[in-house]
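Colleague: Now for the letters of each chain:
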Amino acid sequence: MTVALSVKEIASKIGEAIPQTVTSVADGSITVTSQHLFQVAKFLKETPGLEFDFLVNISGVDYLDYIEVVYHLVSLKHNHSLVLKTVCPDRDNPVVPSVVSLWRGADFLEREEYDLVGVRFEGHPNLKRIYLWEGFQGHPLRRDYL
Amino acid sequence: MKFEHYGRGMAKGMALTFKHLLRHPITTQYPEQKLNVSRRFRGYELVWYEDKCTGCATCAKSCPQGNIEIVTVQEGDRYKVLKFEVDTGRCMACGLCVEACPYQALYMGRGYERARYRRREVVLTKEDLKPSPERQPSGYANPEVEEQLPEQTLLVYRK
Amino acid sequence: MPLLPHFQKWLVENGVPHWAAYVVPALTGIIVALLFLFLMIIVYIYLERRGLGRFQIRPGPNRAGPFGILQAFADFIKVLTKEDITPTNADWPVHFLAPVVAFFSAIMILAVIPIQKNAFITNLNIGILYVSAISSLGAIAIFMAGFGSCNKYSLIAAMRGVAQLISYEVPVLLAIAGVLLISGSLAMGDIVRSQNVPFILLQPMGFLIFFIGVGAELNRSPFDLMEAESEIVTGYHIEYSGMKFALFYLGEYGHMVVASAVMTTLYLSGWKGPFLPEALWFIIKMVMVFLAFLWLRATMPRIRVDQLMSLAWKFLLPLALVNLFATALEVLWQDNIGWEQFPWPFVFLNLGLAAIFILVGSKLLFKTGGGRVEV
Amino acid sequence: MVLKAEPMLISMGPHHPSTHGVFRMRLVLDGEVITDMEPMVGYLHRGIEKLAETRTYTQVIPLTDRLDYLGSMTNNWAYVLAVEKLAGIKVPERAEYLRVIMGELMRISSHLMAVGFLGNELGCTFTPLLYMFREREKIMDLFEMVCGQRLTYNYMRIGGLSHDIPEEFLPAVKKFVAEMPHYIDEYEQLLSENEILLARTKGVGILPQELAISSSVTGPVLRASGVKWDLRKADPYSIYERFEFDIPTGTVSDVYDRYLVRITEMRQSVRILEQAIKQLPPGEARTKVPLLLRPPVGEAYAHIEAPKGELGFYLVSDGSIAPYRCRIRAPSFTNITALRDMLIGWKIADAVVIFGSIDIVLGEVDR
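Residue numbers (the numbering used here), protein chains in the order written: chain A, 1 to 146; chain B, 1 to 159; chain C, 1 to 375; chain D, 1 to 367.
Honestly, I wouldn't trust all of these hints.
Claimed, not checked - Here are the simulated SDA-like pairs of lysine to any residue, each with C-alpha atoms no more than 25 Å apart in a straight line:
1. D:85 / D:292
2. D:50 / A:134
3. C:314 / D:268
4. D:174 / B:116
5. A:128 / A:97
6. B:34 / D:345
7. B:19 / C:111
8. C:363 / C:321
9. C:272 / C:111
By construction, these hints were calculated from the structure, which means they are not laboratory data.
If you're wondering where the values come from, they're calculated on a predicted model, not measured in any experiment.
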């Protein structure tokens with residue numbers, strides 16, 4: 001059974017390693033600031049005992065005031081999971097560091113979120129639209145796109 | 001890569017294809033032979049009973065495509081359905097409308113030969129939707145109808 | 001006794017001018033050969049489609065005419081009425097001529113095939129040399145089609161096709177040389193006459209090499225690289241439609257007919273056989289060869305291009321050389337014994353030798369090509 | 001004279017016969033060898049995630065049929081699991097068992113297609129594919145019996161199944177389960193030892209274990225790379241902890257391993273089916289759920305082991321009758337991330353084979 005790790009413990013661990021990054025610990029998920037996302041991801045991937053080596057999914061959710069990017073992480077080694085979130089307050093130009101260098105699976109997932117939600121993943125090697133054609137106006141999965 | 005088993009694997013495969021050469025084809029020659037469809041078959045048509053329909057439009061609300069168009073007018077204590085139209089060109093035969101109908105006035109049809117040459121011919125109006133000898137209701141979501149229908153031909157039992 | 005002089009004499013005696021005594025038999029021969037070829041092509045297409053269907057537990061095309069016999073004609077009518085498209089950037093003379101070359105090379109080989117005793121258009125004394133020369137023309141047709149139609153897939157197919165045909169020509173010719181050593185003649189009729197036992201028994205390894213090589217030259221299924229549907233989208237005839245495509249199709253089956261006829265002549269003792277008429281025996285044997293190809297097609301996946309090349313050069317070629325050497329020794333030896341009278345010891349000797357060579361060869365020589373290329 | 005030699009650029013797809021639909025590969029070739037490759041998707045993009053935002057929770061179920069159209073049942077299942085997790089709905093025991101039966105039948109059917117089309121891409125003239133169609137047809141008959149359709153089942157509902165099974169279903173499944181191992185033996189007889197197939201698949205398209213994990217590859221492709229990761233065991237959803245089965249893994253991580261993993265998984269699915277049929281309890285197949293379900297505000301991620309890999313639905317609810325956001329984690333989509341690394345250095349003929357061994361469905365890639 002995949003164990004969903006206690007978010008409080010991990011949040012405190014992250015807090016020790018990278019201070020002032022965890023903004024909220026809601027039920028089942030940790031929210032971190034988008035500037036530090038890459039360090040947090042690297043920490044989660046490389047810390048012994050955590051070792052989240054498998055990125056399951058990246059979802060971008062538009063909450064009209066801000067855009068949230070959700071990372072579902074799993075460790076195949078220890079069989080535990082974590083939901084990591086980050087918030088982009090600037091809805092017009094949401095920027096999140098890319099995690100492609102940590103998990104190559106993020107390549108297409110980030111491109112998809114860029115295409116449909118409009119989150120720019122800084123440091124992505126090939127960030128362009130994946131489903132829609134170049135020159136498409138808007139990002140369809142925003143809530144205000146009709 | 002080496003030639004591992006001196007062609008034994010190929011010989012085994014050829015023996016299998018030869019065995020199949022002697023088997024009878026499993027194909028059904030369609031227009032002449034027809035298999036019985038499932039008793040719960042969801043054909044690309046709907047069968048509508050005007051006398052049972054109260055015009056509540058639950059079916060229209062439950063349709064994911066917004067495909068069902070109902071216009072009703074009040075007549076005493078019940079509603080008269082003036083217009084009941086389904087564009088089966090957009091219908092995906094999910095059966096949600098039939099499941100939702102509280103009065104069992106709407107059934108999936110058993111027909112599957114509904115190809116038409118013109119787009120407007122696939123729009124079923126009130127008259128087209130009524131049951132007829134060719135348009136029989138299927139047992140989908142309606143166990144009473146299901147019991148009376150012939151059993152489905154299953155390939156599992158075919159020799 | 002050849003029919004031609006009699007026919008010519010009969011024509012002249014009935015008041016036909018002398019020049020016509022040459023033209024009329026030639027035309028008659030062409031028409032008869034063409035009719036035979038078309039008939040056999042239709043039989044083959046029918047067998048292929050229905051047989052493949054039965055291998056795959058489906059009936060195959062069975063709607064046109066009784067048992068679907070008229071399917072080939074229906075397809076022919078369909079293909080005739082289709083639009084003939086030439087790509088804008090195609091090299092049109094090449095594109096136009098390619099199907100013609102493909103089809104005519106098949107017809108020309110038929111001139112020397114003896115369907116029964118003395119039944120050929122011309123009795124060339126270098127018959128088998130002529131056959132191998134003309135059959136290579138198919139490579140040119142494929143190259144023309146692939147190169148002329150300005151399409152990358154067909155270009156790849158053309159490259160593959162040329163490499164394949166040239167490579168497989170070598171082991172095939174060496175395998176034929178074994179037959180020639182035993183029969184002592186290049187003429188097709190003499191080869192058949194010298195087969196007291198079918199040469200498939202005296203030359204089992206040669207037959208195997210010939211069979212694989214011809215399969216590759218005809219691009220039949222395990223070797224159908226240049227029209228690989230799943231890789232390069234039917235390859236060289238991707239840009240052909242209508243009657244040109246039909247000519248390719250006919251040419252393909254025409255080559256199939258011719259190849260099975262050559263194989264029958266060389267290895268299966270041609271028209272010889274008890275009870276039935278000679279021509280019927282010949283056709284039965286041809287169809288048997290074709291059914292063997294069909295069975296292979298129904299079973300085998302396709303080989304990769306580098307594996308195909310290494311099969312030819314690293315496996316078939318050494319085996320063909322060994323086979324030729326062994327046959328030469330046997331031919332020297334048979335002067336003392338005379339296998340014309342007692343062939344059976346040689347049959348068993350050769351079967352044993354073939355088994356040993358193939359086993360040893362597959363242990364030592366056989367490598368199916370390279371793997372990943374570092375880029 | 002200077003010969004101009006330049007790499008050949010081929011746009012393989014979107015209407016190439018062996019790209020499983022409308023996938024497009026931009027191949028750079030040096031002769032026959034692939035030197036670069038870029039996958040291009042989006043030709044079948046229908047915006048299902050956006051459509052889901054405008055439909056009620058029940059109305060999304062028929063949309064999920066259109067994702068991986070060779071595994072509609074499992075798509076339904078993953079979605080209803082997510083909604084049930086979101087709304088906290090308990091599913092009756094019988095429905096759970098029936099879901100397992102449907103899911104495993106679907107897995108067999110999908111793997112049959114994967115192996116059959118792999119055979120086709122290897123150049124078999126349709127023979128293995130048509131043999132496998134025969135068995136798939138039987139499974140589709142069974143599905144037609146329970147839900148009335150053969151491809152887009154729309155069978156699972158929030159809180160159970162749309163209908164209980166008819167009484168003639170179980171004998172037919174028993175018959176199918178009894179004879180299926182024999183047919184799998186036949187496929188193996190035709191393919192597993194064929195020398196040409198071995199030459200074409202062994203050592204081809206190797207995906208190393210670390211790369212597979214890093215590329216978020218799931219399903220048979222991941223298992224063929226030697227990772228024993230199957231959500232049915234790793235994170236048992238529904239009632240999978242009650243069944244005994246093994247997870248096949250590969251050792252070489254090549255195309256042949258992927259083929260063998262799929263064949264073995266079919267055998268294991270038959271095993272699960274046998275147990276599930278034996279244990280199937282009587283009872284209801286559906287709990288009462290309001291027609292317009294309003295789950296509490298929150299979010300849920302539910303995943304299942306679909307035939308192609310991990311299929312997950314991330315649902316965000318704002319308390320209304322429609323999902324606020326419905327994110328689909330499609331296995332086919334993430335699995336093609338690793339395609340480039342597998343292809344480079346191989347030939348065009350291998351490109352289609354390696355691509356076929358990943359077994360993607362474009363309906364799910366493009367959504």
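Colleague: Give a verdict on every hint.
Modeller: Tested hints:
Between residue 85 of chain D and residue 292 of chain D, the direct Cα distance comes to roughly 17 Å. Compliance with the 25 Å bound is thereby established for this hinted pair. Pair hint residue 50 of chain D plus residue 134 of chain A holds up; C-alpha atoms about 19 Å apart against a cutoff of 25 Å. Distance check on the hinted pair: residue 314 of chain C and residue 268 of chain D sit about 42 Å apart at the alpha-carbon level, beyond 25 Å; violated. Of the supplied pair hints, the one linking residue 174 of chain D and residue 116 of chain B is violated, its CA atoms being roughly 40 Å apart against a limit of 25 Å.
In summary, the hint linking residue 128 of chain A to residue 97 of chain A is supported, as the alpha carbons are separated by about 15 Å, within the 25 Å threshold. A C-alpha spacing of about 51 Å is found between residue 34 of chain B and residue 345 of chain D, which places the hinted pair above 25 Å, so the restraint is violated. This hinted pair does not check out: residue 19 of chain B and residue 111 of chain C have alpha carbons roughly 39 Å apart, beyond 25 Å. Distance hint between residue 363 of chain C and residue 321 of chain C is fulfilled; the C-alpha atoms sit about 17 Å from each other, no more than 25 Å.
For the given pair, residue 272 of chain C sits about 19 Å from residue 111 of chain C by alpha-carbon distance, which is consistent with the 25 Å threshold.
Going through the hint list in order, the structure does not satisfy hints 3, 4, 6 and 7.
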